[in-house]
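Chemist: Spelled out from the first residue to the last, the chains are:
2 protein chains.
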Amino acid sequence: MLIVGELINATRTPVKAMLQQWDAAGIQDLARTQADNGADYIDVNAGAFASKEADYLEWLVKTVQEVVDRPLCLDSANGKAIERAMKVHRGTSMVNSVSMDQQQQEGLLPVIQGTDCKVIGLCMGDRGNPPETAEDRIRVARELMGVLEGAGIDRDNIYLDPLAQCLSTNDRFGIEFLEGVEAIMSEFEGVHTICGLSNISYGMPMRRIVNRAFMVMAIRSGLDAAIMNPTDRKMMSAILAAEALVGRDPFCGTYCDAYRESLLED
Amino acid sequence: MLIVGELINATRTPVKAMLQQWDAAGIQDLARTQADNGADYIDVNAGAFASKEADYLEWLVKTVQEVVDRPLCLDSANGKAIERAMKVHRGTSMVNSVSMDQQQQEGLLPVIQGTDCKVIGLCMGDRGNPPETAEDRIRVARELMGVLEGAGIDRDNIYLDPLAQCLSTNDRFGIEFLEGVEAIMSEFEGVHTICGLSNISYGMPMRRIVNRAFMVMAIRSGLDAAIMNPTDRKMMSAILAAEALVGRDPFCGTYCDAYRESLLED
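Chains H and F, in that order, are what the protein sequence lines are. The working numbering puts the first residue of the first sequence at 1, with every later residue one more than the last. The working numbering puts the first residue of the second sequence at 1, with every later residue one more than the last.
Rather than coming from a laboratory, the hints here were simulated on the basis of the structure. Watch out, some of these pointers could steer you wrong.
Copies of the same chain look alike in the list, so a pair counts if it fits in one copy or across any two.
Unchecked claim - Result set (EDC-like, lysine to aspartate or glutamate): computed pairs, CA atoms no more than 20 Å apart in a straight line:
1. 62 x 29
2. 234 x 265
3. 234 x 266
Make the full structure from the sequences, and use the hints.
Modeler: Following this line, the structure appears as structure tokens:
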């Protein structure tokens with residue numbers, strides 16, 4: 001499972017304040033904590049600052065990579081901001097995200113083409129409508145795959161995000177997401193799926209219980225990457241157990257290693 | 001989800017001692033606790049006492065039903081013991097279990113035929129070999145369905161147990177079980193599947209994490225009954241979340257009710 005740590009996001013109030021104060025130590029703490037807890041990529045998002053987004057994103061890349069050796073997930077719909085961030089990024093970054101929005105594609109694709117970076121393809125319709133059914137998701141996924149592979153991006157570098165919707169608004173939204181993941185993973189062999197799953201439990205009490213169960217089911221459906229808080233030990237433990245259960249962890253080795261390092265939490 | 005409370009089982013040392021002392025109060029406490037925590041059926045097992053099993057089982061039925069209004073799951077391979085237990089049982093019992101063992105079938109089927117009781121069909125091969133693959137499970141399931149439906153038992157009263165095997169001995173044993181459940185539920189529309197899942201984590205550390213993840217996946221695969229400890233709040237919470245996620249809990253009503261009654265545990 002590829003884990004993208006989600007904590008350095010300017011929509012979170014403390015992070016917004018850190019950016020406004022160019023608080024490198026605060027950002028670096030968040031980066032280190034996530035890397036220490038198993039994040040493979042560190043997401044950086046400065047989307048709350050429209051006009052200064054590129055300045056902030058570039059600064060975030062430099063600031064984070066001063067203290068951790070992980071690649072970053074550059075989280076912006078703005079081609080100019082991604083371009084500046086990629087110029088200072090060391091290693092192979094991930095771009096979050098390309099959707100079927102024409103204008104966004106025109107800004108992002110020229111920046112991505114010819115690089116080896118990983119790309120998240122968001123299964124949002126071209127009028128910005130979130131997908132409801134599995135069918136909606138696979139339809140947008142087909143369009144996105146056409147665009148991304150058409151731009152020369154390797155399938156192995158593509159991470160499709162099927163977008164989780166709130167279960168409390170429609171009983172079918174759990175199932176439709178899971179079936180969407182299954183359809184994508186079987187139609188596009190070798191592609192990846194990624195998601196920030198917590199939207200599923202919006203409006204429900206004790207959301208962590210629902211989020212963990214949904215993650216476990218999504219892994220069974222084939223999800224192989226997640227945008228999440230890696231310091232959530234119970235979630236990480238559920239992921240490790242789920243990976244062992246679906247046969248992705250030979251001899252349960254990673255699960256048992258995590259136990260020996262006291263990383264599991266019941 | 002139909003929950004069968006597993007705690008009154010003579011293979012558990014304290015329960016064995018209670019039986020040896022005809023400790024009705026101890027047994028009744030265990031029965032009440034399980035009923036209060038959401039058990040739909042209370043399993044009673046006196047299999048540790050070969051020669052006196054029928055006496056003990058009859059006594060267990062009377063003792064438990066003095067204090068709880070739940071039906072019982074009569075857990076024995078011994079037709080005579082089941083027959084005596086059914087005679088004193090009030091309501092519609094469940095019989096645990098019929099397998100492809102010829103001798104066992106000859107003892108149990110005449111007792112079950114013509115009643116409306118529910119029957120667990122154990123997907124164990126006729127030489128007592130546990131199933132390894134999904135194919136093993138569906139093959140034995142077909143034989144069992146032939147025997148049980150042939151004996152006039154309604155499909156809605158049949159609960160097939162696909163038997164969980166230890167993941168630590170074979171990486172595929174999680175997947176093969178889940179695919180077995182899926183195959184059974186799709187081939188025999190209207191049948192149920194039941195299992196005591198905890199065997200999956202035998203030999204692994206922090207087994208509860210693995211057991212919960214496996215339960216969540218099994219629910220997604222179609223499992224609709226479980227033999228378990230209903231006082232395990234984290235497991236019950238994971239089950240409620242999983243049922244909401246697969247669309248079995250309209251408007252997440254049961255999940256939210258459990259929250260209001262402070263039954264959920266993160």
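Chemist: Look at each hint and say if it fits the structure.
Modeler: Evaluation of the provided hints:
1. Proximity of residue 62 and residue 29 under a CA criterion of 20 Å is satisfied intra-copy only: 14 Å inside one chain copy versus 63 Å between copies.
2. For the identical chains of this complex, residue 234 and residue 265 are neighbours both inside a copy (5 Å) and across copies (12 Å), given an alpha-carbon limit of 20 Å.
3. In this assembly of identical chains, residue 234 and residue 266 lie within 20 Å of each other by CA distance both inside one copy and across copies; the values are 6 Å within and 9 Å between.
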